[in-house]
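S.K.: Two chains, two frames, a set of hints: combine them into the complex.
Keeping their order, the protein sequence lines are chains A and B.
Residue numbers in the first sequence follow our numbering, run continuously in steps of one, and reach 595 at the last position.
Residue numbers in the second sequence follow our numbering, run continuously in steps of one, and reach 351 at the last position.
Calculated directly from the structure, the hints in this document are not laboratory data.
As the structure is a prediction and not an experimental result, all values here were calculated from the model.
Mixed in with the good hints, there may be bad ones.
As the list claims (entries may be wrong) - Per the computed footprint, the stretches of chain A lying under chain B, defined by three or more beta-carbons under 8 angstroms from a beta-carbon of chain B, are: (1) 454-463; (2) 563-574.
To be verified - Going by beta-carbon spacing under 7 angstroms, a handful of chain A positions derived as facing chain B: (3) Pro5; (4) Glu448; (5) Pro451; (6) Ile469; (7) Val497; (8) Ala500; (9) Pro501; (10) Asp507; (11) Asp511; (12) Asp516; (13) Leu533.
No residue lacks a Cβ here, since even glycine has one placed at the ideal position from N, Cα and C.
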Amino acid sequence: MGMKPTDISAPDYFHKVVDCQWACPAHTPVPEYIRLIAAGRYSDAYMINWKSNVFPGILGRTCDRPCEPACRRVRVEDEPVAICRLKRVAADYKDDIKDRLPKKAATKNGKRIALVGAGPASLTVARDLAPLGYDCVVFDGDTRAGGMMRTQIPKFRLPDSVIDEETNYILDLGVDFRGGTRIDSMKALLAEGYDAVVVGSGAPRGRDLDIPGRKEAAANIHIGIDWLSSVSFDHIHSIGRRVIVLGGGNTAMDCCRSARRLGGEDVKVVVRSGFEEMKASPWEKEDAAREGIPIHNFLVPKEFLHKSGKLTGVVFEKVKAEYDAKGRRKLIPAGEPDVTFECDDVLVAVGQENAFPWIERDAGIAFDEWGMSTVYNVTFQSTNPKVFFGGDAAFGPKNIIWAVAHGHEVAVSIDKMLHGENMAERPLPAITVVNQKMGIHEWSYKSEIMPDQRYAVPHRDNATALSSIKAEVELGFDAKLALSEAGRCLNCDVETVFSAPLCIECDACVDICPMDCITFTENGEEDDLRQRLHAPALNLSQDIYVADGLKTGRIMAKDEDVCLHCGLCAERCPTGAWDMNKYFIEMTHAGPACR
Amino acid sequence: MTYLTKPKFHHPSLPKNALGYTRRDYEAATSTLCAGCGHDSISAAIIEASFELAIEPHRVAKISGIGCSSKTPTYFLGASHGFNSVHGRMPSVLTGANLANRDLIYLGISGDGDSASIGFGQFAHALRRGVNMTYIVENNGVYGLTKGQFSATADRGSKSKKGAVNTDNAIDLAAMALQLGATFVARSFSGDKKQLVPIIKAALAHRGAAFIDVISPCIAFNNHPGSTKSLDYVRAHNEAVNALDIMIGRDAITVDYEPGKVVEVTQHDGSVLTMRKLNDDYDPSDRLAAMNFLQQEAAKGRIVTGLLYVDGEADDLHGHFNTVATPLNQLNEPELCPGSKTLDKINAGLR
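Bound conformation, chain B alone (with noise of 0.2 angstroms):
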């Protein structure tokens, strides 16, 4: 089978970023997944948020496990580094790279399967030590590459495409992700670019561990009725929290919103978010209120997206470790291995 490659041709109007780029530029090989998966479309939203945060493409560092979600890093971002390493261990390999240099951004992208089963422990824990990356999850509650079995994410009574009926309970990545101490928590939707593009934008900004659960219907195994993460379940069943407006730099907001309508919070960056108020009690800044919403909503079958939580203030893994400020590959010999008088030192401060 051949895929023709997307044509170089583009709009006349095609804006520029102020590197000079489009957003043309922040794309890549073309995507050999099934026609209408979700994830080409978390691909182009995550295209979209490089492009419009100017980011470096050199500066992005993409890393991913296994399973259809983890092949998408070949679709975006073509000029930034990319690993794809083994099944459920992209949070190590991530944690690693972020030790080593501390100033590259980091991308981690992975699945349902990758991420809630093989990987849970990895999740787990590259969350809980506040890893200063982006981590998306492309969630389809399938098992996409070995033709739809249900993975851990699939509803409790979700029908598979063949009908079978599951009859475990689902684990909601993002609950657990507050509950691990994720400083930045938010689920979107593959089908709604206008929520996921300002989401991604502020969790590429944010620093400290950022976690996005984006469900991403699976168009070929689990987007018929009785799927619970299909388009139009989806779509009839989602709950947005708030919208999300981000600010770079200290930029005055423009936007007038009504007062008591909008949430703010500035990051360690200078960026402000701004969320405009879908759901008048909803505080993105208390995380207990909002783990105990998205049970209380999940109960009622709803699903809860937007920025569900977020602390500004967040400290990341080099905070808590007091780590060198220069990324390894920048330190000379001198620094790396200062001799043995500080040796020495260094052991008589530990009798």
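The shape of chain A in the complex, shown without the other chains (with noise of 0.2 angstroms):
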């Protein structure tokens, strides 16, 4: 008995140990991208981006970046490889890459779709499938393509050049985009008998604060992300003097650091929760902290203050953390005085919600007491078989790189349907396995690997960046910086791969392993191996790799956890016995493969 030798063919087995790329809701190839930026190859880099994430130039700049946390070089020395701005790289040094993007379709295959919001989600289901031949009718309230990455991301953050030119890619391909066309009514459009309806249309509504003094002092209190659409659309150029901003979101951090260009002078963010807990990335609280922004924490908004119809501060009660017996976190009264910030102006950054006002709930779409509609989430339909809902519009808000991954799923989920296939049945990734031996102690990557500290990416100077609410703060990493960063990935997409039948058992491969993963030793429960492995197998999230078939009856158990993928195992190994080999992953996107 114990534990069953692993199935390294499986497509999920070396997919978990690309952390980057597990963790990236798209999938993208991190290391292989990586790998071209370092060898300067930026159009390749892009491309391969492109491909899984749709907009690269975007996401290199606001990304989320849940591949980031993941990374290895955080758990085997302390921050992550900076895969959200080398993406950024290969998006700024690219090369024209127009002729590299898939053609307009020669004939159209007669199926129309229909998509509500010219957002991510959209657009990706948009860029999928209209090569394919699918016409694709992008509707959009604004003139402009790009949803809320156009209208809530601050300039400074994303520059509309960007948008411009990674949405008309998409709209290149003969997307029919209706800029200025806000769809009132579900009915009427499904009644125009499109063959697929996509819901894209985010999670517009930010919500309230419903305490005492908020009609009265109306004029001076704002919800956050109609506040910042308003900013983009240049309708609002400026903003008192002293600003409170309600909320420990991201909105929160872009509402203070646009406040902070257009006059406010004094502008503080007011946070329920501790600092620690905050929603908002930690990178993006360093930004407002790097502008002068405090934050202060544990307050409770009471009361807004005001005089004759102006707001004049806001009332706060202090509050402190405590945990229930299940470890969830309940805010209790801290039983000190009130503590009151005046102030010319608030923003209400205390979250955002769904809106659906133009579906009709007779259209054939369930929705459930919260306002939300019943979405599978495999296939991303709704209840009406022939409506899809992908980004925010369909679990709710999240970010960019969700609603991409969303509509690769939901094109995936169109094509299938309309070649009467059933979408429930879904292809596995495409791998390719190659193996990267150049020669004696030559690998076909850098595989030397060093501690090496993250590098940060320059930042235009504070006085500048504060005078313009449209330079661009982050001026990205140089060749040189890129270089170097670069050399920090592991090359996690390298697998080492082991042989039993070639293994002699004569523990080089043990002895020189400079992170212990490697063990040989009989057999035994997962729970008892990982305590008995060379070093304790302590991070359950990460597999034991097993291997049995060696002369001695024992088998060969390597801990994934920690492995610096250096190759060196391999290198020590007289047999060829450890070989690695680069996994390639490719998501089943829409198309023939997917059928």
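M.R.: Now the structure itself:
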């Protein structure tokens, strides 16, 4: 008895070892494009991204980077590889890639798809389906495409030129974009006879705060995301000198930093939770701090103060966190005196929610008690078989990369449905496995790994940055910094592959492995085996690679957790029982591959 | 040809010893031996043993001769003293160093060519004098550096990689060491660190001449069918007489053994060697019986491993000579050159 030998041919096994790619909702082949950046092949790196995440230039500036906390560098050193900002490098330094994009479909297949909202979800669906011959019609209330990427992300983080470039790559595929056309009725849309309708209208409603004084001081209290769009559209050019931003998410960070540029001199963020538990990404909090914006925590807004119809301040109750037996946090009054901050304007960024006032409740789409439609999480189909949801509209507010991932899946669903196939059966990702040995002590990738701390992205100096709402703050890595940062990647997609019949059990790999990953021992149940390895394998989220068939009857057990992919095991193996193979995992997108 | 250096990264849970060092702190330059060499495993075992004993690296002198084995001190204990001496002359260099500075821990690294051929005499005399040292022979039965000719420890009848049969009788270095009066004699196998590491630890803690014959398959030239020093052959013919636990200091022994199944030997430094018997008839304190047993098993084609003989009360060369307790480099002029009056006294004593 004991652990079963690992089936390394299962597509997920090595995919999980490539932590960044596994964590990415769109499963972008991160190490592959980082190697290309290191090689100066920026266009190739861009195209790998473009295929997978559709908006490399946009995401390289704004992604919530689920890949980075997953990065193995975190587990073996400290800071992850700056994956997101390397993506931007590919976008910044690429050549003209227009001739590498898919061509407009020569012949249409006669199927018409309506896409509501020109944000990342809809555009991804259109990108996948238009080249296949689908007639994609994208509607948006705004005249320009991009959705929340255009309206809610400040220009000093994401310039319009980048949005224009990457949305145009899609619209130029023969997509029929109807800007300035807001869809008011799902039933009317369905009546137009589309073969499928994609709802990618986001989560457009900002939450309000219903506390005393809200109505009286309304003139100086603004809903964060609405205010940000007004700033984006040049409808708002100034704000009061003293500004309080309520909320602790990334929208709050965008609000406070925008306010700082529109005349807010004394801008502060006030958040209910503790500083550490804030929803905002750590780097966005750092950006706010760099611009001199303090964050006050454990304060719950209690009342807006006002005098003759003008906001004068906000009263907060001091709270503290208490955790119940299940580890759930509760904020309870700290019993300290209330805190009052004076201010001229308040921006409310306490969350956003879905709103589908334009979808009639008798359009065949089931909604739950919270006003969310019922969406199947593999197919993204609603209870109306022709209607699909993607992005924030599907499961509530997330971020761009999730919308892209949804978009790919929606495209697969539609493609299969309109080919008369069962959309629940989704083909596994395609995998290629290639040996990386080039000679004795020579590998196709930079296998020599050394400790190296993360390189910082250069920023525009504060004075210049704060004087303009549009001047991009981050300047991006230059080629030299990009090369250094790319060198931190551990090439987790180059896998250690073990062949028991070749192994003579000489222990060379065990001795050389810098991370004590490899053990030859008697088999056992996983719990027991994890304790008995050369170094205990305590990270249960990481698999143990088990191989049997050794002459002594023992097994080879390798803890994937902190493997550096340095290849020393393969280099030291006298018989080639260890080999370094590059796994390239390609997700199945719409088209012949998915059918 | 370039060799990648081992990355400085280590496992997050890598333990530290009493000195605050990790096992990695006892490593040294990257090995340039052939991939899979048994010697690299022995280096790893020495590193592990030194780490577990919390040896201060600057208190170790590693001394070697010539050959694949004698290159290995470059690959372990990088912060220790090292002397790569002349072929077969490790024992005399070690003896000299030991006489000059008795405070260091002496680790002699040699091979079957270095010790059983060119340095056979040196090997014999260092052991019979009882120099306080750990003498490790990394024994692969071939001359690996010159492409695999039989060495003096190759068994009669074993085959070379090309198929030639060895017609010479083999020297059994462990049997020789017993006969020569070494006070700690062990044999082990590079492919069995569970056995090897405690043996090295016990030898390092032993006062007197400790000899370890480690069979170390040469992957390049002596790991084929027909070899009697291949990984497969040694695994198939290994007759381990005991399994060793070593307790440093006078810690109570926490492991419960069946009565009569254990042999305990306390060494002069208080370390307790607890040997779980794998062969009921084997007694590691009986030198003559050990010699007999070794010969009998060898005749049956078995390779006896384990701690073969230990004398916990052994003395060493300094004891025999009644030398000064202080290392020579710590003596001052008055002690080293006590003057003509003292000389007169000595001379008078000799009249």
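S.K.: Evaluate each hint against the coordinates.
M.R.: Against the structure, the hints:
| no. | hint | verdict |
| --- | --- | --- |
| 1 | 454-463 | violated (count 0) |
| 2 | 563-574 | holds (count 8) |
| 3 | Pro5 | violated (22 angstroms) |
| 4 | Glu448 | holds (5 angstroms) |
| 5 | Pro451 | holds (6 angstroms) |
| 6 | Ile469 | violated (44 angstroms) |
| 7 | Val497 | violated (17 angstroms) |
| 8 | Ala500 | violated (15 angstroms) |
| 9 | Pro501 | violated (14 angstroms) |
| 10 | Asp507 | holds (5 angstroms) |
| 11 | Asp511 | holds (4 angstroms) |
| 12 | Asp516 | holds (5 angstroms) |
| 13 | Leu533 | violated (10 angstroms) |
Consistency note: the structure conflicts with the earlier hints numbered 1, 3, 6, 7, 8, 9 and 13.
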